[in-house]
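Enquirer: So the chains spell out like this:
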Amino acid sequence: MGVIIEAKNIVTSFGDTVIHDDLNLSINQGEIYGILGESGSGKTLLLKEMIMLLKPTAGEMWVLGHELSKIPYNEAQSLRRQWGILFQFGALFTSLTVAENIELQLKEYTGIDKKMRDEIVKTKISMVGLSAHVGGLYPSELSGGMIKRAALARALAMDPKLLFLDEPTSGLDPIGARNFDALIMELRELLGITVVMITHDLESIHSVIDRFSVLADKHVVAEGTLENVLQSNHPFVERFFKNEYTLANYNKRARHHHV
Amino acid sequence: MSRVVIISLCDVIGYNGAMNQTYVHLEELADSIVVHAKGDWTLYSEPQINSELASFHPSKKIVWDLSKINSFDSAGVLLFMRFDEQFRAKFEVDVIGYTSEQQRMYELLKKHSVKEAIPERSEGMLSALGKRAVEGYREFLEFLDFTGYLLVAFLRYFVHPKNLRHKEITYHIERSGLSALPIIALTSFLVGMVISYQSAVELAKFGADVFIVDLAGISITRELAPLITAIVVAGRSGSAYTAQIGAMKITEEISAMRTMGFDPFYFLILPRMLALMISLPLLIFFADIIGIMGSMFAASLELNISYSQFIDRLQEVLAAKHFWIGIIKGPFFAVLIAMIGCFRGLQVTDDTESIGAQTTASVVNAIFFVIACDALFSVILTEWGI
Ligand SMILES: Nc1ncnc2c1ncn2[C@@H]1O[C@H](COP(=O)(O)OP(=O)(O)O)[C@@H](O)[C@H]1O
Ligand SMILES: [Mg+2]
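Chains A and B supply the protein sequences, listed in that same order.
At position 70 of the first sequence (counting the first as 1) the number is 70 in the numbering used here, and the numbers step up by one without a gap.
At position 75 of the second sequence (counting the first as 1) the number is 334 in the numbering used here, and the numbers step up by one without a gap.
In case anyone wonders, no lab produced these hints; they're calculated from the structure.
Cβ atoms here follow ideal geometry from the backbone N, Cα and C, with glycine treated the same way.
A couple of the hints might just be wrong.
Stated by the list, open to error - So, partial list: chain B residues that the calculated Cβ filter (under 10 Å) puts toward chain A:
| hint | residue |
| --- | --- |
| 1 | Tyr303 |
| 2 | Met340 |
| 3 | Ser613 |
To be verified - Chain B regions said to be covered by chain A (calculated; three or more residues, Cβ under 8 Å):
| hint | stretch |
| --- | --- |
| 4 | 322–335 |
| 5 | 378–391 |
| 6 | 514–527 |
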């Protein structure tokens with residue numbers, strides 16, 4: 001269980017606006033890692049830095065043994081085939097149907113024949129909780145939650161070893177969100193994938209996430225398991241986890257487990 | 260232990276050809292065939308595994324031995340599932356040596372295997388043609404609808420001119436008018452030059468050198484400057500209108516505006532149209548000047564007609580009506596370009612590809628209608644004897 005993603009002293013700024021200042025975190029192979037923080041705390045930007053969509057202003061980002069600012073083109077391309085990404089707003093290709101969106105990388109990067117590709121696509125569509133006829137729809141014909149699911153199916157198409165998810169359960173109904181959590185857990189166990197997910201979903205934090213980091217004040221203010229993070233007395237941690245609502249839920253779950 | 264036996268058995272049967280393959284290894288036993296799956300059963304090896312298994316035609320009981328599989332993913336397991344089903348249809352099948360992960364993956368995929376086909380969205384040529392025809396008719400109706408709305412918005416503007424966004428109009432005058440000056444200067448100068456350069460040779464044959472001024476002056480002010488200006492503006496601004504409004508439609512900005520009570524005709528389309536109606540005649544005037552300078556330049560080079568000679572002659576022969584006819588065309592062309600640009604923008608559907616298609620259509624339509632309108636002018640003015 002080595003470290004597969006490591007952010008070292010990351011600084012991100014746009015002109016005078018500093019988003020990350022000396023940010024550090026590390027993600028182990030095979031874990032489901034959460035990134036938590038208020039809206040606008042720079043979670044999506046951090047994710048974009050991990051997937052080479054944005055260069056940090058300073059600092060090093062190590063992913064699967066590569067330092068991303070110095071990675072040669074060919075290695076970058078092969079790195080890009082090893083991960084799947086679910087964007088916050090889906091980012092499906094609007095001129096392709098859902099099935100074609102999912103099929104795209106399979107068609108481009110593997111020699112799998114049409115019949116088998118269809119089989120894979122159908123399975124992925126069903127796994128994320130959509131019915132087969134949705135495969136024939138264009139993104140503009142989907143609801144917000146369906147877009148999320150379709151985008152997840154696309155992220156899973158190549159059975160990536162590394163999965164980045166930006167707020168996967170926001171926009172899903174609670175049942176859908178729990179099914180989603182269960183699917184992620186199952187895939188992690190069966191395929192040994194590593195999952196990095198940005199989430200605000202307390203339920204996901206309680207049930208699927210192994211370790212997570214809390215982004216606030218341009219830093220990671222707490223990192224580790226839920227117990228580790230609860231040790232922190234940073235105001236955001238206090239507000240997010242130690243309010244009446246959360247504590248009541250937490251106790252309820254704890255009781256539930258004892259029974 | 261059994262290995263020795265098996266190998267000798269295989270030798271006896273002469274099974275060697277298909278036996279030692281990369282991902283599948285067959286062992287023929289007395290009452291069954293053992294299919295040893297080995298290596299990485301993943302996406303990238305799937306085609307190879309598929310062809311190896313496809314060349315295998317079993318004849319008796321089959322035993323899958325999965326113990327030598329290094330790694331697998333859903334493509335590998337799905338492939339296993341497919342052949343397993345095929346074999347099971349004809350023979351007895353056993354599976355041995357699998358891990359619990361493999362079994363759970365199999366179960367997960369089995370649970371999510373769907374018989375129902377994904378509906379096909381591509382269509383045949385005939386239905387595409389029919390659709391295109393209906394689409395064309397619908398587009399025509401929508402254009403009439405659009406024209407009606409625009410007319411009402413335009414009339415309402417004259418009743419309540421205060422409601423219109425005058426700042427917006429000046430902004431678009433700057434974007435579509437002022438910043439088009441350099442490219443219009445360049446094109447009209449070149450066209451003016453080419454006209455007189457080409458005609459100079461012919462006119463010199465007849466010793467009619469000085470008629471170059473009549474020819475260039477009338478053709479530039481009456482026809483060429485308006486056309487060139489309109490074509491440049493259609494390419495620059497008509498396309499920009501389509502792309503802007505189209506993108507706003509995709510991001511649902513237009514829906515948001517509507518729900519807030521901001522009529523897109525009033526907020527987006529009318530300002531653009533009025534801005535073009537104001538700037539196009541001015542641009543034509545500008546193109547007149549630069550075009551004539553171009554032809555003056557060529558005339559002095561080729562025919563040795565001095566600038567002052569050229570201008571004296573121009574004042575003598577160029578009737579003001581030619582100039583005015585050119586200018587008058589401006590607002591007409593402007594309405595065509597702005598209407599087509601904005602209409603095409605609103606026709607953008609929800610996919611990004613349609614922005615490209617509509618922008619192309621916008622420029623092509625606008626240039627065609629500008630030229631058609633110019634021809635109409637020509638016919639009418641000739642009829643009237645102007
Ligand atoms: N291209 C950009 N230019 C300037 N500021 C940006 C840009 N992209 C994001 N930001 C700012 O960076 C901050 C973090 O954004 P983001 O990572 O998207 O937030 P979140 O944590 O909600 O995902 C926000 O305050 C946002 O305004
Ligand atoms: Mg975000």
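Enquirer: Now tell me, hint by hint, if it's right for this structure.
Expert: Against the structure, the hints come out as follows:
1. Tyr303: 6 Å, holds
2. Met340: Where the cut-off is 10 Å and the nearest Cβ of chain A is about 9 Å from Met340(B), the hint holds.
3. Ser613: 8 Å, holds
4. 322–335: holds (count 3)
5. 378–391: Result for this restraint: holds, n = 3.
6. 514–527: violated (count 0)
Figure legend: structure checked against the earlier numbered hints; the only hint not met is number 6.
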